[in-house]
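So the protein lines, in turn, are chains Y and E.
Oh and the first sequence: position 175 is 175 in the working numbering, straight run, nothing missing.
For the working numbering, count along the second sequence from 1 and bump the result up by 1000.
Incorrect hints may have been included.
Just a few of them, taken from the derived set where beta-carbon distance is under 8 Å, the chain E residues facing chain Y [what the hints assert, rightly or not]:
#	residue
1	G1100
2	D1102
3	S1133
4	L1171
5	K1174
6	K1178
7	N1230
FYI, nobody ran anything at the bench for these hints, they're computed from the structure.
C-beta atoms are modelled at their ideal positions from N, C-alpha and C, and glycine is treated no differently.
Number of protein chains: 2
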Amino acid sequence: MTTLFYQPGIREGLTFLDPDESRHCVKVLRKRPGDTITLTDGAGFFYEVVITRADPTKCSFDIRNKYESAGKDYFIHVAISPTKNADRMEWFVEKATEFGIDKISLVECQNSERTFIRSERLTKVAISAMKQSIKAALPAITHELVPFQDIVASCQENEKCIAYVDADNNLHLKDAVKRGTSYCILIGPEGDFSPEELRSATKHGFKKVSLGHSRLRTETAGMAACHILNLINF
Amino acid sequence: MTTLFYQPGIREGLTFLDPDESRHCVKVLRKRPGDTITLTDGAGFFYEVVITRADPTKCSFDIRNKYESAGKDYFIHVAISPTKNADRMEWFVEKATEFGIDKISLVECQNSERTFIRSERLTKVAISAMKQSIKAALPAITHELVPFQDIVASCQENEKCIAYVDADNNLHLKDAVKRGTSYCILIGPEGDFSPEELRSATKHGFKKVSLGHSRLRTETAGMAACHILNLINF
């Protein structure tokens, strides 16, 4: 199976791997000068490079080929309340990255049970999932919790949905979305959105959508939303 | 949020909770005689019962109402190779149960990297997910690894698919399936199915399907397949 390395900054002139990737390349995979490896810069490009110096702390390379990942005409932004259990957020980030996601916002809602996030850890999980699923784009992940009001007032996507089920709403996300556009989907905390949050989102143009008959955990709802948007655009 | 208790054997006349559920009911939730709780037998029924004796090791109850979970006209069987990392299988079982699944078979393929499963642990995860998502049906999970040949030769579902992508196959599962029938979906190990396994499955009527452009981990592929079958039947 292909191993994909991640090295940002290549377009800015960088020609060596960072210490972790150097070690993996030279010590674990035992690559030698003259060997070809594939990198991504996490910003949409793949590079075929030849190793020039197999230094386990700073492995240098020459670029042979650069190619852009197939362009896509849609954009997926999931804005999700962090789960009480941090592992569940890491699972969400891993699975969403595997399916394909452009932006993940961690949102502080009235009922959120967590007030900080380990964003470095989440980015690490996303990098690993990007490499594992051979993608060239690293999702943008917020470094801090974003207040709910900031998300609803300022998100830039063309279409906006909020996952919320009540008596007068049975529109499934899969039937509410269309191909080839940008979406922001709001996923609430274990205790759900508050009535004020729901009103505010609706006022800002968010459409109420259901994710099906089952009561899903927060991270499962986030994955389901991301999966559905990828399916619609397949 | 509703708490759902799990107690098999009610149809056979059992009128008390097992020690774990008794403790949770009496010690954690502090239920008292006269309080009403909701149970499921994991076999399609919900029960509204009144507590008669709040014994923390054997909590007795009288049944007030019994109702059957909404019938469904489809059946989802995912036959999946266990992942090297046991946590990933537990995570798959949890998410598949949340979405809705009837049967999970753990299949020993040529490239499977695990030769035993902790089936008790998997059942525990499924019970917890069933309760959490307020369902009345516990998925059947195989107690031991089933040889690949046994699954392909003997599975009873009307429609059969194998998740496998090659140059001449680009049929997505979502476009291959129809509502209201029974499906068996085969999901391969990290090293994929062997050519012989693929030939054998095809010979036994399994259709090759894709799960999209992304290279998904085994447990992610299993979850995606289960999610798609639920979406089709929504």
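We went through each hint and held it up to the structure:
no.	hint	verdict
1	G1100	6 Å, holds
2	D1102	14 Å, violated
3	S1133	5 Å, holds
4	L1171	11 Å, violated
5	K1174	6 Å, holds
6	K1178	16 Å, violated
7	N1230	6 Å, holds
The earlier numbered hints that this structure contradicts are 2, 4 and 6.
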